[in-house]
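*Asks:* Okay, here's what each chain looks like letter by letter:
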Amino acid sequence: MQTKRTIFRNRWLPYLLLAPQLAVTVIFFLWPAAQAVRQSFLREDAFGLSSEFVALENYTRLFDDPAYLNSFQVTVVFSISVAALSMGLALLLAVAVDRVIRANRVYTTLMVWPYAVAPAVAGVLWWFMFNPTIGILPYMLEGLGYDWNHRLSSTDAMILVVIASAWKQISYNFLFFVAGLMAIPASLREAAAIDGAGPVKRFFTITLPLLSPTTFFLLVVNVTYTMFETFAVIDASTEGGPNQSTNILVYKVYRDGFVGLDLGSSAAQSVILMLIVMALTFIQFRFIERRVQYT
Amino acid sequence: MYRRLTAAASVATLTATGAVAQTEVTWWHAMGGELGEKLEEIVAGYNESQDEFTVTPVYKGTYTETMTAAIAAFRANEQPDIVQVFEVGTGTMIDAEGAIYPVYQLMEETGEAFDPDAFLSAVVGYYTDTDGNMLSMPFNSSTPILYYNKEVFEAAGLDPETPPETWSDVEDMSRTIVESGAAPCGITSGWISWVQLENFSAWHNLPIGTNENGFGAVDSELTLNGETQVRHWENLANWQEEGLFRYGGPGGGDDAPPAFYAAECAMYMNSSASRAGVMANSDFEVGFGMMPYYADVDGAPQNSIIGGATLWVLRGGEDEEYAGVADFFSYLSSPEVQADWHQFSGYLPITQAAYELGQEQGYYAENPGSEIAIEQITLNEPTENSKGLRFGNYVQIRDVIDEEFQALLAGDKTAQEALDAVVERGNAMVADFAR
Numbered sequence: 001m002q003t004k005r006t007i008f009r010n011r012w013l014p015y016l017l018l019a020p021q022l023a024v025t026v027i028f029f030l031w032p033a034a035q036a037v038r039q040s041f042l043r044e045d046a047f048g049l050s051s052e053f054v055a056l057e058n059y060t061r062l063f064d065d066p067a068y069l070n071s072f073q074v075t076v077v078f079s080i081s082v083a084a085l086s087m088g089l090a091l092l093l094a095v096a097v098d099r100v101i102r103a104n105r106v107y108t109t110l111m112v113w114p115y116a117v118a119p120a121v122a123g124v125l126w127w128f129m130f131n132p133t134i135g136i137l138p139y140m141l142e143g144l145g146y147d148w149n150h151r152l153s154s155t156d157a158m159i160l161v162v163i164a165s166a167w168k169q170i171s172y173n174f175l176f177f178v179a180g181l182m183a184i185p186a187s188l189r190e191a192a193a194i195d196g197a198g199p200v201k202r203f204f205t206i207t208l209p210l211l212s213p214t215t216f217f218l219l220v221v222n223v224t225y226t227m228f229e230t231f232a233v234i235d236a237s238t239e240g241g242p243n244q245s246t247n248i249l250v251y252k253v254y255r256d257g258f259v260g261l262d263l264g265s266s267a268a269q270s271v272i273l274m275l276i277v278m279a280l281t282f283i284q285f286r287f288i289e290r291r292v293q294y295t
Numbered sequence: 001m002y003r004r005l006t007a008a009a010s011v012a013t014l015t016a017t018g019a020v021a022q023t024e025v026t027w028w029h030a031m032g033g034e035l036g037e038k039l040e041e042i043v044a045g046y047n048e049s050q051d052e053f054t055v056t057p058v059y060k061g062t063y064t065e066t067m068t069a070a071i072a073a074f075r076a077n078e079q080p081d082i083v084q085v086f087e088v089g090t091g092t093m094i095d096a097e098g099a100i101y102p103v104y105q106l107m108e109e110t111g112e113a114f115d116p117d118a119f120l121s122a123v124v125g126y127y128t129d130t131d132g133n134m135l136s137m138p139f140n141s142s143t144p145i146l147y148y149n150k151e152v153f154e155a156a157g158l159d160p161e162t163p164p165e166t167w168s169d170v171e172d173m174s175r176t177i178v179e180s181g182a183a184p185c186g187i188t189s190g191w192i193s194w195v196q197l198e199n200f201s202a203w204h205n206l207p208i209g210t211n212e213n214g215f216g217a218v219d220s221e222l223t224l225n226g227e228t229q230v231r232h233w234e235n236l237a238n239w240q241e242e243g244l245f246r247y248g249g250p251g252g253g254d255d256a257p258p259a260f261y262a263a264e265c266a267m268y269m270n271s272s273a274s275r276a277g278v279m280a281n282s283d284f285e286v287g288f289g290m291m292p293y294y295a296d297v298d299g300a301p302q303n304s305i306i307g308g309a310t311l312w313v314l315r316g317g318e319d320e321e322y323a324g325v326a327d328f329f330s331y332l333s334s335p336e337v338q339a340d341w342h343q344f345s346g347y348l349p350i351t352q353a354a355y356e357l358g359q360e361q362g363y364y365a366e367n368p369g370s371e372i373a374i375e376q377i378t379l380n381e382p383t384e385n386s387k388g389l390r391f392g393n394y395v396q397i398r399d400v401i402d403e404e405f406q407a408l409l410a411g412d413k414t415a416q417e418a419l420d421a422v423v424e425r426g427n428a429m430v431a432d433f434a435r
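One line per chain: the protein sequences are C and H, in this order.
Quick note on numbering: the first sequence equals residues 1 to 295 in my numbering.
Quick note on numbering: the second sequence equals residues 1 to 435 in my numbering.
Keep in mind that the hints were calculated from the coordinates and are not lab data.
Positions of the beta carbon are idealized from the N, C-alpha and C atoms, including for glycine.
Okay, the calculated bits of chain H under chain C, using three or more residues with CB under 8 Å as the criterion: (1) 69-76; (2) 90-100; (3) 250-262; (4) 386-398; (5) 404-410.
If you anchor each label on the Cβ, the simulated ranges turn out as follows: (6) 175/H - 37/C: 54 to 60 Å; (7) 140/C - 280/H: 28 to 34 Å; (8) 61/H - 201/C: 54 to 60 Å; (9) 32/H - 229/C: 24 to 30 Å.
Between the sequences and the hints, there should be enough to build the whole structure, so can you do that?
*Replies:* What follows is the structure in structure tokens.
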């Protein structure tokens, strides 16, 4: 890697040039984050007429609250399912496109389309298809003898939000896998083929290990996605129900803060989320620095 | 954003009327679609009727969004003069003493003529303090009633002119309907919390909580897990199992109306304000009835309670603005405006005069079913169990009710366990609010 060093004549110019970016960061990221931290130590009525310092009470109450612990559990199940489903399917599709010689451009473009659909729209689309009263899928499932009702069945609701969230993420994962596959030298696979390894064996002993940096990167990105960007899908489809079975952490922050007007608890929850995302980012950077090699 | 909107609006009104010193009153509301258009029509009528004040309505989304937006704006000192808040937000608003300007006080201090007795007590009772002072201005109030599909009734061999009166009628009729194949489901319901628990309790003259359902003191307790409520929830769960009842989802129950419109369910319980939607979406003849009751429960039927929203006045504005608010409220509660709004939307009239005007106009005779809601809330003089309810954090308690009902229907809990859990979890929330 090349490094270029520019010398500024004026000592202040570099700071001036940095200022807009810094201002944006401070005003839109650091300040709200600091507000959240401050709020999480307070107990306030909705209108902000009275405010009381309660130290860590908002946090201790959260960890005593079965609903919060449930939300943690739901988030873990949800994240792993979405990541596994979207990455598994994306890998399958990427491997398929890698074998297509003609028209793989068209194929790739088609695959990327769902990524352009806004999460809220995706949520509504799936909500429609799975609607117990007017949806097409429950109607077909009924023909197969399965009584679909995500209004009442926690499992059905979880399946619905996992499918809706994973569907959107497949495109993104697919692009990275395609790029990752293109980076694997064909000579390695050809050599293995000459040695008599079949396609399945070649995939598991050569392609998959060489894809591992991409896979790990995507895993982190996907987990972050499921934890923070699936809000709209949940809001448009299940609203966290039934009986809190799809109430993931980020949705609970919204429910408690904006609907329930319990600002202290909501702030404490967002601080915890902030710590989680910091940990994830840390892992991601550490790993990428160490393992990913661009050839 | 708010500043820009109001600035744009005032420029618009200035150019429109040519007046110079009109005082501007802002009103944040949650009425979308046809109701929103009607609301704007009413406001336009007011603005044309005088040239001292201009009311600017701003649509802020759902009830929750509107309330949250107003609270956030209050914290930033950018609040509107008037905000529309749904009935379960009442506890939160009343408690925010420095933030709200009680309507009776506003009317007194601005010297606006105001007769609290002109209002229907069943409507305003929900929004008065224990001394009988009106705290907010009722705007859109409704009460749950029963709708039924006359064609399905006929196909099932039932009398299409007789709605069910008791819950055992509902059960028998539903079974007849399902067994005869006239429709795949007997009954569905919107708003489980509001219809099948809160109103159910009031209708059977059973307490929802201690201290007159929370009206008397903030540190009250819920008592919704009585014998009759448990029996009703157990029945609903059994009927769901048998296919007689169909759950329409949490909150407002989004899946309930389509099930009724598509003639999947023969009966449907929901707000009287759903009437417009029912009439627009059904291609069959619709019958109306009062809420069913259990005949062996003493004191049933009592009277139903209301839902919907009222207009709260927020502090922090100029005196002239409050004069405008008071003047606008007088306009809003005038019989003509009220009767028009009530007849258009299916919401209850808030004054006796508006109701009488509707009778004179022959509206109720021409529109069968439109009077049931009024008859139902005025069936008996409200008792302390049927005046309404007022608990802190009630928005979250409604969620708890939905969750426990889902747990019941999913077979995870019995009716007794589910309602006990509602009381236990709800009490923790009420206590937390009272702290």
